[in-house]
Amino acid sequence: MGRNQDWRRQLAAIIDRHNEMHAFRHKPISHSTRAARRQALFRMFELLRSLGYKAAPDHLGDRHVKALVRYWCAEPVEGCVPARHQPCSAAYIQQQLSILRVYAGWIGKAGMVREAEVYADNPFMVTRQYAAQHDHSWAAKGIDPAELIKQVVRIDPYVGMQLRLMLAFGMRRKEAVMFAPQVAEVPAFALPVDHPSALCFLSFLSIKRGTKGGRLRYTAVRSDEQRQVLDEVRELARTRHGHIGNPELSLKQALDRFSNVVRSTGMTRKELGVTAHGLRHQFANDLYFDLAHVLSPVRGGDPAFDPEVRRDAYRQVAEQLGHHRPAVSGAYLGSVRGKGGAGHET
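In the working numbering, the protein residues as written are 1 to 346.
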């Protein structure tokens with residue numbers, strides 16, 4: 001059997017040889033990430049063949065990448081596949097190119113896959129818009145978080161408390177489920193000496209379990225409302241390392257339970273117009289106001305406000321949300337410049 005006819009076996013061998021490791025760090029990745037990467041690569045090579053390209057997996061070239069991007073952008077394509085009626089999202093295209101960059105490194109072609117804008121006729125089609133154009137918080141939709149969370153508590157107290165953690169401390173769903181409150185609080189003087197927010201608040205929560213990439217972050221305890229939530233979650237998780245997920249459920253079951261309960265209360269864009277992630281948006285905008293003492297740009301804040309104060313507030317919001325780049329705050333707070341793109345959640 002020729003190399004072209006046996007491409008699936010060749011591709012599987014390349015993936016099996018390299019797929020276990022992180023793209024940039026010398027550490028293994030999760031089974032779900034490996035599976036997603038494998039599925040994406042097989043899907044892309046299947047698509048290439050439908051587009052008329054028969055290159056062996058170790059001969060991936062620039063023209064193949066361009067053909068894929070043109071298809072994803074709903075541009076005219078060759079082969080037996082009709083052009084898409086609608087383009088894929090910029091986020092999807094960027095994600096697929098990221099996987100291809102990793103793969104190119106596996107086959108000795110690191111640097112071959114260039115920025116998405118190089119391949120697309122219309123660069124806007126592949127450019128992610130990171131600045132929020134609309135306030136995605138619950139308050140912006142006229143929804144009282146306390147009242148809606150009460151409905152959740154009547155169904156499942158654990159999920160209700162997880163939502164309160166998301167609102168009070170900007171946690172993601174998985175972070176809230178895995179949060180162990182008895183050992184989380186850290187006084188400001190115990191933070192790393194170079195931590196930029198150590199002088200701004202008296203204490204912080206150390207959040208690491210369930211974070212993206214296992215990255216540790218510190219989120220400030222800055223209000224009586226936060227202190228009350230922290231006291232209540234400690235009552236719910238009484239043991240030293242007890243967490244806020246139902247102890248009778250596995251992590252996967254607890255995450256599924258969270259999703260099912262919030263949907264049952266109408267917490268979707270289709271029904272109430274909000275999602276649980278909107279609580280992170282509310283946390284971010286409230287924190288920005290506490291830091292800068294003005295509304296965020298997405299809430300109509302003064303565009304002439306002191307840029308130095310704004311930059312520092314964006315930095316602190318990003319850090320307390322678990323991001324290292326201040327620019328990511330724009331996905332929650334908006335941008336003083338430009339109001340034309342779509343919001344992006346992280």
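In case anyone wonders, no lab produced these hints; they're calculated from the structure.
Do not take every clue at face value.
[To be verified] Below, a list of computed lysine to any residue pairs in the SDA-like style, where the Cα atoms sit at most 25 Å apart: (1) Lys54 / Gln96; (2) Lys109 / Lys150; (3) Lys109 / Arg70; (4) Lys208 / Asp256; (5) Lys141 / Asp302; (6) Lys66 / Lys141; (7) Lys270 / Lys66; (8) Lys270 / Gly111; (9) Lys252 / Glu235; (10) Lys212 / Asp194; (11) Lys174 / Gly242; (12) Lys212 / Pro326; (13) Lys66 / Cys88; (14) Lys141 / Gln151; (15) Lys109 / Lys212; (16) Lys212 / Ala237; (17) Lys212 / Lys66; (18) Lys208 / Val186; (19) Lys174 / His277; (20) Lys66 / His31; (21) Lys150 / Asp224; (22) Lys208 / Arg238; (23) Lys66 / Asp6; (24) Lys150 / Val328; (25) Lys174 / Leu255; (26) Lys208 / Val328; (27) Lys212 / Pro196; (28) Lys150 / Ser259; (29) Lys212 / Asp224; (30) Lys208 / Gln226; (31) Lys54 / Pro28; (32) Lys252 / Asp224; (33) Lys150 / Lys66.
None of the values given here were measured: they were computed from a predicted structure.
Each hint, compared with the structure:
{"no.": "1", "hint": "Lys54 / Gln96", "in the structure": "19 Å, holds"}
{"no.": "2", "hint": "Lys109 / Lys150", "in the structure": "55 Å, violated"}
{"no.": "3", "hint": "Lys109 / Arg70", "in the structure": "21 Å, holds"}
{"no.": "4", "hint": "Lys208 / Asp256", "in the structure": "21 Å, holds"}
{"no.": "5", "hint": "Lys141 / Asp302", "in the structure": "22 Å, holds"}
{"no.": "6", "hint": "Lys66 / Lys141", "in the structure": "41 Å, violated"}
{"no.": "7", "hint": "Lys270 / Lys66", "in the structure": "36 Å, violated"}
{"no.": "8", "hint": "Lys270 / Gly111", "in the structure": "42 Å, violated"}
{"no.": "9", "hint": "Lys252 / Glu235", "in the structure": "23 Å, holds"}
{"no.": "10", "hint": "Lys212 / Asp194", "in the structure": "22 Å, holds"}
{"no.": "11", "hint": "Lys174 / Gly242", "in the structure": "15 Å, holds"}
{"no.": "12", "hint": "Lys212 / Pro326", "in the structure": "17 Å, holds"}
{"no.": "13", "hint": "Lys66 / Cys88", "in the structure": "15 Å, holds"}
{"no.": "14", "hint": "Lys141 / Gln151", "in the structure": "17 Å, holds"}
{"no.": "15", "hint": "Lys109 / Lys212", "in the structure": "28 Å, violated"}
{"no.": "16", "hint": "Lys212 / Ala237", "in the structure": "23 Å, holds"}
{"no.": "17", "hint": "Lys212 / Lys66", "in the structure": "31 Å, violated"}
{"no.": "18", "hint": "Lys208 / Val186", "in the structure": "13 Å, holds"}
{"no.": "19", "hint": "Lys174 / His277", "in the structure": "11 Å, holds"}
{"no.": "20", "hint": "Lys66 / His31", "in the structure": "29 Å, violated"}
{"no.": "21", "hint": "Lys150 / Asp224", "in the structure": "19 Å, holds"}
{"no.": "22", "hint": "Lys208 / Arg238", "in the structure": "20 Å, holds"}
{"no.": "23", "hint": "Lys66 / Asp6", "in the structure": "24 Å, holds"}
{"no.": "24", "hint": "Lys150 / Val328", "in the structure": "31 Å, violated"}
{"no.": "25", "hint": "Lys174 / Leu255", "in the structure": "7 Å, holds"}
{"no.": "26", "hint": "Lys208 / Val328", "in the structure": "19 Å, holds"}
{"no.": "27", "hint": "Lys212 / Pro196", "in the structure": "21 Å, holds"}
{"no.": "28", "hint": "Lys150 / Ser259", "in the structure": "16 Å, holds"}
{"no.": "29", "hint": "Lys212 / Asp224", "in the structure": "28 Å, violated"}
{"no.": "30", "hint": "Lys208 / Gln226", "in the structure": "19 Å, holds"}
{"no.": "31", "hint": "Lys54 / Pro28", "in the structure": "32 Å, violated"}
{"no.": "32", "hint": "Lys252 / Asp224", "in the structure": "32 Å, violated"}
{"no.": "33", "hint": "Lys150 / Lys66", "in the structure": "51 Å, violated"}
Against the hints set out earlier in the document, violations occur for numbers 2, 6, 7, 8, 15, 17, 20, 24, 29, 31, 32 and 33.
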